[in-house]
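K.L.:
Assemble the whole structure, with the sequences as input and the hints as a guide.
Protein chains in written order, with my numbering: chain H, 1 to 797; chain V, 1001 to 1292; chain Z, 2001 to 2167.
Rather than coming from a laboratory, the hints here were simulated on the basis of the structure.
For every residue, glycine included, the Cβ atom is placed at its ideal position computed from N, Cα and C.
All the given hints hold, so there is nothing to weed out.
Output of the computed footprint for chain Z on chain H, the stretches with three or more beta carbons under 8 Å from beta carbons of chain Z:
no.	segment
1	513-521
2	671-683
3	709-719
4	725-731
Far from chain V, by Cβ distances over 12 Å, these chain H residues were calculated:
no.	residue
5	A100
6	D101
7	K110
8	P158
9	N221
10	V254
11	M403
12	R480
13	G530
14	E594
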Amino acid sequence: MTVIHDRPSNPAAGDEDRPIGYGRIQRKEDPRFVRGQGHYLDDIVLPGMLHGAILRAPVAHARLVSIDTTNALAHPKVVAVITGKDLLGLKLAWAPTLSADVQAVLVTDKVRFQGQEVAFVVAEDRYAARDALELIDVEYDVLPPLVDARKALDPDAPVIRDEIEGRTDNRIFDWEIGDKAETDAVFASADVVVSQEVVYPRVHPAPMETCGAVADFDAVNGRLTLYETTQAPHVHRTLFAIVAGIPEHKIRIVSPDIGGGFGNKVGIYPGYILAVVGSIVSGRPVKWVEDRSENLMSTSFARDYIMQGEIAATKEGKILALRTHVLADHGAFNATAQPTKNPAGFFSIFTGSYDLLAAHCSVTGVYTNKAPGGVAYACSFRVTEAVYLVERMVDVLARKLNMDPAELRLKNFIKPEQFPYANKTGWVYDSGNYEAAMRLSMQLAGYEDLRREQAEKRERGELMGIGVSFFTEVVGAGPRKHFDIVGLGMADGAELRVHPTGKAVVRISVQSQGQGHETTFAQIVAEELGIPPEDIEVVHGDTDQTPFGLGTYGSRSTPVSGGAVALVARKVREKAKLIAGAMLETRPEDLEWEKGRWFVKGDPSVGKTIAEIAMGAHGTVALPEGVDGNLDAEVTYDPPNLTFPFGAYICVVDVDPGTGQVKVRRFIAVDDCGTRINPMIIEGQVHGGLTDGVGMALMEIIEFDEAGNCLAGSFMDYLIPTAMEVPDWETGFTVTPSPHHPIGAKGIGESATVGSPPAIVNAIVDALAPFGVTHVDMPCTPARVWAAMQGRARPPI
Amino acid sequence: MQIPAPFDYVRATTVDNALELLARYGPESRVVAGGHSLLPMMKLRLSRPEWLIDINDLYELDFILRDGNKLRVGAMTRHTTLLESDEVAALFPIVRDAELVIADPVVRNRGTIGGSLCQADPAEDLSTVCDVLAAEAVIRGPRGERILSMSEFHRGPYETAVGQDELLCELRFGIRPRSGSAYEKVERRVGDWAVGAAGAAVTLAADGTVDDAAVGLTALGLDHPLAEAAAVLRGRRPDEELFARAGTLAAAACDPVADQRGPVDYKRHLADELTKRALRRACDRAAQMQEG
Amino acid sequence: MQISMTVNGTDVTSEIEPRVLLVHYIREVLGLTGTHWGCDTSNCGTCVVLMDGQPVKSCTVLAAMAAGHDIRTVEGLATGGTLDPVQQGFMEEHGLQCGFCTPGMMLTARALLDKNPHPDDTEIRQAISGQICRCTGYATIVRSVQWAAAHPAGPGLEDAADTEVKA
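P.N.:
This is the structure:
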């Protein structure tokens, strides 16, 4: 594999040619997973545990007239049936969302989306709980639903949130950024302006494990232990303290092994709260696990952005400015999981990887009668939408200018010497070498040969497309002064203990959903302290066992927790130096570090290993003034800036002219995530994200009919790629470390999900160029692709 | 997880025993074979039988055997068995074409040809296959055995001629020389139901003209073989122009409905396109069989 | 009703409701939680177990229907303390991330290799095409199965297959 690096190396990153911390090692978590000994939420069985099930609304918009639970309560195995009225009495009918709105835990007044929670049954077993749902009689007075976000602000649109005093419309927010006047002026004088409406449809993260909780309330001690499928256990603890009124020191959140998250497991869902209420009411542990339909119909969706894009350029192909207006469908409650000050997440990175004179965007968020959510599915807080918009617009421009899309990009990239680069919407990109990544991907793809092959095929009437995308990600929020979630600053903690025999335990605040934290974070400690990764245990997912922090989403783990772990290890190393000095009866400043060992400068034979120092710290060595008798440390890392991974992707598709079927033949992905830790894990993260891209580009969509019925309520209708739809991925990388990150790492978890959809759509549009097609909305199903060939970009359904 | 409503379960040991059980438990009983259509419906509680009669032990119905100029396939033959049978593939290549795109390999390990036909989903592939191969359905019941043509067997979406107290036991396919068949399906993803599909079976005369032909469509609103297409093909030497005419007839005859898989005009186009492709491949195969 | 079957080589007998799904029987009655479930409609394949050596979706098989049959779950893949080459292959080639679909994927791979010891990549992809992985993008699963095909006797042993099969 080719490595390109012509930026000066970050001293903290060590040798750029090698990954750090022993590089490609097998994952420490795998031995239990391959034996079927992972421990997931539904595997938890507590003594006396009851089972909960949720009755959900069959319609999208309706007044709740009455609920009769008599027959359900008469079921011999039913312990309790909880309705919205009961929750009103407990002041738990409404819960705060992660976006300063409230969401109904159970319907009290009105159903606002199909699948909304109406009642909660607690029973002796899960079969009985399900049976009892059928015994609850609910009367609804059906209201006209609002399904189309474009109609949300019409004067005659039904007002969805009429429970909020004084609310007369469905507008949630208007938000803008960038200099509008400056941008308009650049557009007014530009040679070329092209515009395109780009829709990023509603999709769903759909992790293989659905969401669930086991609540265990100990009434005697007033203590709640809550096992949850959560990516952010500490945030949940604080919110449960606020919502349920249980003192925070009496709450323990445990996040066991998580069967995939992708942002689906960030929010607090009514089911979690209901499990807690069920446990309080029954005095016994209560398990609630949603089925697949509940997962798809009620938990956090992603995207649903209708974007009007415009791009201005000179006729020679110098891109000058971008502007966009976005209509954002947030569903019935504004429950997006994103930093407080960013109602459109990090969408403002829509300026992409290009050096622009001006940019402006405005976003209007609206309520509709659909499930709440919006920020999920590996989106890096809406960078997916931003990258899709800009990369589609650049391709639309390339067509207009009759330029090769790779060449147009190369002409407009931010140059290596321009970093740190302040874009027009307030971001400061840390580092980048975009041209190197682009050229490497073109080289791996054999770009010129592909274009030749395409030309030959076009002669024969065959439809082959080559799509290019280039993305700049923005991940690793904080710093905490700029980014918070419900007032909690976006920082993460780490605690490290080196035991007397030199084995270490590192406790972190982020939670793995499959990313391999137990391996990666051990490798970071290993790099810093010279202890082999197998001698380092990583503890996570239990708020009683780990320091406070904001959790794993937005590709935060390596940029934030990775920084925390590196720094806590360095803190231990410095402490070890003081102890080694005492042990060697030498001044610490006369000691030098090499992996795992402090030794006397000029006399490498005299030194102490970390294990020896740990034993010394816990032993009888006389410690210097102010040094505690341990080899432990803790830090909270507040990152100075976000990190900006990037990548260049090239996709090759073949389109069947007779049926519109698309085959992704090749996909070449060059990623730069700064310093690399475990290349095997990095590659895995990239592969997974590329597959998401194929899903979104070709098949995934949550649609609704006019009555507000969800048309993708099962895996029969919500299609996810199988091994047959994806090619054998071709990956490469460049290494441009982050200058401000302790080890130069940038995060990789969501890069490919962000970067791949435009590459695939651009390839499809490229294949359809002979038909004059300039855009096809996702998902590019056979029907849509065929319709585009007939001169219609979107078939009427 | 979704869970079926309570029911009682009984396992049939023989065909006769299954028929007795059906008679005993009456209209509230259902037969389960592979279960991959019925059990999901029961989990959604859209189907709530009081008795489930499991016929998976009826090994007597799990067979593929050549009997003179007929190929007999037991109703309990699993999709995987049909897919992997070289004899079936040689005689009726359409079966392997279709089986490769029915659900997925794991579901095919359980699903049966009888179950598929009795479910009679309009998007079910084997119904079209049996239609164009002019299969016969052997049904047994308290009044004995009856053999129905496919047009008699099909009664519309989710409805067949198999009575509540009867069991589909066998499918019989006539073996003809110089014949070829093919199935062409468009799906949004592997394992998805058809957006549209077409099956074709062709028998050539010794002179290379079409002796007999059948074209059927799946999920496109045409639940019987397209007689007009057969009429156009008969007696003619297969060529692109002929396939195009058959395709046009298929597009005109079908009556698809718009859904998430596509709008009407696209599906109508598929009727045309896939008919052409299926016929082209069926004729190629028939010609090869002639040469071979 | 009473049912008996063989699970991972052990005979088990239980009193159950007829409607109990095989996946629930395995997980909740037998306590073998290595078998997971991911949907209700037999579309995701997370719940795959081997029934008489063939992969089946245990969310769509009644426990009663499995009575009298031989069931093998992920807990039955390793023999003694030795991992099945498929398990080793998934660790070697990063064939898993969150681990949730992994037991089903490995069992299908085992059934495939039993039938076809040297599958090509397309055959592997076809074999697992009824099973969804949301993490890996499948390429590393294909490599994992190929690793197992190349090491039929497990890790550390010289296999004749090593020389025959391309990595």
